[in-house]
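Visitor: Work out the full structure: start from the sequences and follow the hints.
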Amino acid sequence: MTATAYAPARAATRSVRRRPSLARLTLVELRKMTDTRAGFWLLLVIAVVAVGMVVIQLVTGDPAGRSLAAIFGGTLVPAGVLLPVLGILSATGEFSQRTALTTFTLVPVRARTVAAKLAASVLLALALTVVCLAASAVGNLLVGTAVEGNGSWSIGAAALGTGALYEVIVVVTGVGFGMLLMNTPLAIVASFVLPTIWGVLTAFVSAIRPVASWLDSSGTLGPLTSGHLTGEGWAKIAATVAVWAALPLAAGCVRLARREIS
Amino acid sequence: MIEAKNLSKRYGDALAVDDVSFHCEPGTVTGFLGPNGAGKSTTMRMVCGLTRPTTGSAAVTGVPYHRLPNPGREVGVLLDASAMHDGRTGRETLALSTRTMGIGDDRVEEMLRAVELDGPPARRRVRGYSLGMRQRLGIAHALLGDPRVLILDEPANGLDPEGIAWMRGLLRDFADRGGTVLLSSHLLREVEAVADRIIVIGGGRLVASGRTDELLAASGVLVRALDPAALEAALTASGIAYTASGAGAVIADADAESVGWAAAGAGVVLLELRPADSMGLEAMFFQLTSGATTEDPTELEAAR
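Top to bottom, those sequences are chains A and B.
This note's numbering puts the first residue of the first sequence at 1, with every later residue one more than the last.
This note's numbering puts the first residue of the second sequence at 1, with every later residue one more than the last.
No false leads were slipped in.
Calculated Cβ distances over 10 Å to all of chain A for the following chain B residues: (1) M1; (2) G12; (3) L15; (4) G62; (5) R124; (6) A208; (7) L216; (8) R224; (9) D227; (10) T236; (11) S238; (12) T243; (13) G248; (14) A264; (15) G265.
Partial list, computed: chain A residues near chain B (C-beta under 8 Å): (16) L27; (17) K32; (18) D35; (19) T36; (20) R37; (21) A38; (22) Q97; (23) L101; (24) V109.
Away from chain A, derived, C-beta distances all over 12 Å, residues of chain B: (25) N6; (26) E232; (27) L271.
By construction, these hints were calculated from the structure, which means they are not laboratory data.
Glycine included, every Cβ here is placed at the ideal spot set by N, Cα and C.
Guide: The following block contains the structure:
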C-alpha cells in the first residue's frame, strides 16, 4: 500500500456536475436486488413457482379449461405470492444491512432512491409477467399433444395488461410496507397478515362486508387475473391500491425523509 | 472545503451536539478529536446530510451536502466501515457505487489494488472480511469518485500499524494536492501525526480548535531536574505554573527559555528540557474532554 498508488481519475470530470439519472439509479437498484444470494434465490423461486403452476394445471383440473389464457391466468396469483417480499427487501435491505449510509451519501435526495426502487420493482414485476406468459405458452404447446385439452392460443391484450397490473400492484404493496416499517421480518409479516385478517373479517362479519369488501385485496384484485372486470371492480381495485399500497408508500416516504440515517 | 455553522442536535432531552462551528480549508488535514459519545459521528452525519440538525447548517464545497448533484465525485465519505452488505463481494460493493456515480469499472480495480484487496479478497464476500479489510475497502470506496474532500469517521479503527502509516501518507498526499480532509478519532496520537489543525469536542461542545503545532506549544514543556523539589521552588518563584508528570518530571506552562532562566537563576541542574509534545497534548485532551463530558455517553446513545 503506497500513498501514491491511486491516480486521480479527473479525466472523467463531466460526471462531477451531473446528477445521476433516474434510469441509472434504477439500473443500480435492479443490480442490488439480484446481486446477493437472497435476491437471486428469491427471483429463482418466484420463477420456479410460475413454471410449477403451469405443470400443475396441465396434470390436474378440467381439460376443457386448458388454454393459453386460462393457464396464464392461473400462474399469476401463485407467482405473485412472493413478489411483495422482493419489494420489501429492496426497501428494508438498506437498513438491515446498513447500506443506507452509502446509498444516501451518494444520492442525498432520498425520494430519488425511492423512485428508483419503485421503478426497479415494477420492471421485475413486468419481467415476471413475461416469464408467466412464456411458461404458459410452453405449457400450451403440450396441450393437444402430450396432454388433453382445449389448447386455444387466443389471449387478449386486456388480459395481458391486467395480469401485469396485478403483479405491479403486488410488488408496489411490498415496497410500501418495506418503506413504512423499515424492518424486514415485521414488513413481511404485516404485508401477509394484515390483508389476510381483513379478508377473514370481511368473510365472517356480515355487518361490515359491504364496506370491507372494498379493501379485501384477495377479492378485489382477483378479477385482474381472471379478466372479469366491471366498473365497480375497477373502483374496488383503486380503493385497495390506495389503502394497501399508496398509503404505506406515502407514509414511508415521509418517514424516510425525516429519518436519521446511521 | 467544509463549513459547519452552529450545528446542534437534540435527541429528546439530551443535547448530543451543542453549537459546533468549524471550517476545514483545502490543502489541510483537520483532526476531529473527542472521546466516544462526544458527538463526532453525529456532527459528521449532519455535515453529510444524513442527520437533520436541530439548528445550524453545514456546507461542503460551498453548498449544503444535499444540493451536490453527484456527491460521490466531490466528497469521499467513510462513516462506518461495518455498514456494508455482508453478502456482496468487495468488488461488487465498489462497483455498485461506480455505477451510481457514473464512472468506469476500471476505477474499481485501480482502487482495489491501491488498498491491496485485489485478487482473491476482491471476490470474497464482505462477511468474511476482517475489520481492517473492511476499513481499507471503506477508504477505497471514499476515494472511488476522485473527490476533493474526504470525510472519514475513525478510519484507523482496525488497521494495523503498517496500515495506519499508509493511511497517514495517503491523507497527507491528498491534502498536499489541494484536497480537504476531515478525520475523526478518539485517539490523539492517531491524529496529531497527520493533522494540520485539530478540533476537540467533548460532551457535544467544541472545547478547543487550532493549528496542531500551536495546540502542542500551548501544552508547555517537560522539564526534569536533579533536584525536583528545588526545580518546583524555582518555577513557583518565577511565577510559572506546572503540573507533575511522573518520574520526577513536571510539565511547565511556559516556553523552554523561561523555564531555563528560572532554573539557571536558582542554580538548579536540569536533566531534561523539551516540548511536552504528545504527552502534554494528551493531558490537555484528557482535561478538556473530561471537564466537558458531563453527560454519560451511553445515555446519549440510548436517547436516540
